[in-house]
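In the working numbering, the protein residues as written are 14 to 301.
No wet-lab data here; the hints were simulated from the structure. Source: prediction; values computed, not measured. Be aware that a few hints might be false.
Said to hold, decoys possible - No farther apart than 27 angstroms at their CA atoms in a straight line, the calculated lysine-lysine pairs in the DSSO-like style are these:
no., residue 1, residue 2
1, LYS29, LYS61
2, LYS248, LYS276
3, LYS161, LYS151
To be verified - Pair ranges (Cβ atoms, derived):
no., residue 1, residue 2, range
4, GLY158, ARG245, 39 to 47 angstroms
5, ILE243, SER168, 40 to 48 angstroms
6, TYR225, ARG44, 14 to 22 angstroms
7, ASN55, SER177, 25 to 33 angstroms
8, ALA181, GLU236, 40 to 48 angstroms
9, ILE90, LYS229, 17 to 25 angstroms
10, GLU247, LYS173, 23 to 31 angstroms
11, GLU185, ASN237, 27 to 35 angstroms
12, GLY273, ALA183, 40 to 48 angstroms
13, ASN259, PRO86, 35 to 43 angstroms
14, PHE89, GLU52, 17 to 25 angstroms
15, GLN184, ASN286, 41 to 49 angstroms
Here a beta-carbon is modelled for each residue, glycine too, at the ideal position from N, C-alpha and C.
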Amino acid sequence: MNEKANKLPGSYPMNKGDGPFSYAQNSCYQRGVVDAAKEMINAAITDKLDIKHLSFASLNAFYIADFGCSVGPNTFIAVQNILDPVEFNDTSQLAYLVHSTIAYFPRPPSILYSSYALYWLSKVPKEVLDINPPTWNKGRIHYPGSAKEVVEAYSAQYAKDMESFLYARAQEVVDGGLMTLLIASLPDGILHSHTTTVSEAKVDSFNLPIYYTSPKEFEAIIENNGYFSIERMEKMDQPMRQATPNLQMCTLHMRAAMEGLIKEHFGSEIIENCSISTLRKMQSPPSS
């Protein structure tokens, strides 16, 4: 394995600030997911969260832990959607506490929340960077359309990461608490194209640390983990998909989320051309 090829960044921050390519200005797709999930979350909290019997009831405090996606106004909208169905005996005791780190909670959280974040892997599976077949993902940057062994490597890494996530959350959440996860499902395969913008070696050594699970696979992970039980699982349609897609907006969303990761591996000089090529590819007929 090429050691240098495996030196992807340990974290993948969204584009900061409020500029034209920032996450704050290009996250209405994620906002649509938050809005679409509001009624489901409302029903789940109303039906499944028994405030009177939870250990926080006597503390007049209600803690929510948000584990992404990213930062910005969507976070506050998501938290408000959680708070709306919660009834407090004395609303004057309600306060918003925003912590700069998820590693510390003053009290165990009552509700854990994550939206469009858990498809990020902790790292690229080491098997796909090994130049020995059949797991080497040569010529591709992701697993769709790759060999079965590559897909299996991604799936195994996802299961391992989810096991760690569930174990950690089980230690944090209050007894009887609730966890709400909004997770992207399996997409269609990603088309592969050959260009001369970057070297073949650069492409061969780059893989997106992203994995889209399926409902059945995710359910099996939860059951095998044993720390949580699934109270409700539903397919959620993305409202923005009902309208004609704004391809320029889609490209900006992708850039806001992926620019830091791509820049780290390929260099900043390809970012603009990469965005233009992505837009042209999305605008072209499927057969081209």
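Starting from the hint 14 to 22 angstroms, judge whether the C-beta atoms of TYR225 and ARG44 obey it. holds, 20 angstroms
Lying within 41 to 49 angstroms: is that true of the beta-carbon distance GLN184 to ASN286? Between GLN184 and ASN286, where Cβ atoms are some 46 angstroms apart, the hint holds.
Please test the hint of 40 to 48 angstroms on the beta carbon pair from ALA181 and GLU236. With Cβ atoms ~18 angstroms apart, the hint is violated.
Mind checking the hinted window 35 to 43 angstroms against the Cβ distance between ASN259 and PRO86? violated, 20 angstroms
Starting from the hint 17 to 25 angstroms, judge whether the C-beta atoms of ILE90 and LYS229 obey it. Once the Cβ atoms are compared, 30 angstroms apart, the range 17 to 25 angstroms for LYS229 and ILE90 is violated.
Is 17 to 25 angstroms right for how far apart the beta carbons of PHE89 and GLU52 are? At 19 angstroms between Cβs, range holds.
Quick check on a hinted range of 27 to 35 angstroms for GLU185 and ASN237, using CB atoms only. Because 20 angstroms falls outside the window, the suggested range is violated.
Cβ-Cβ distance between ASN55 and SER177: within 25 to 33 angstroms? Distance hint for ASN55, SER177 holds at roughly 30 angstroms.
Take a look at whether the Cβ-Cβ distance between GLU247 and LYS173 falls inside 23 to 31 angstroms. Because 26 angstroms falls inside the window, the suggested range holds.
With the threshold set at 27 angstroms, check whether the alpha-carbon distance from LYS248 to LYS276 stays at or below it. violated, 34 angstroms
For LYS29 and LYS61, compute the direct alpha-carbon distance and say whether it is at most 27 angstroms. Cα-Cα ~37 angstroms, so violated.
Range agreement (Cβ of ARG245 with Cβ of GLY158, hint 39 to 47 angstroms): violated, 33 angstroms
Of the numbered hints listed earlier, those contradicted by the structure are 1, 2, 4, 5, 8, 9, 11, 12 and 13.
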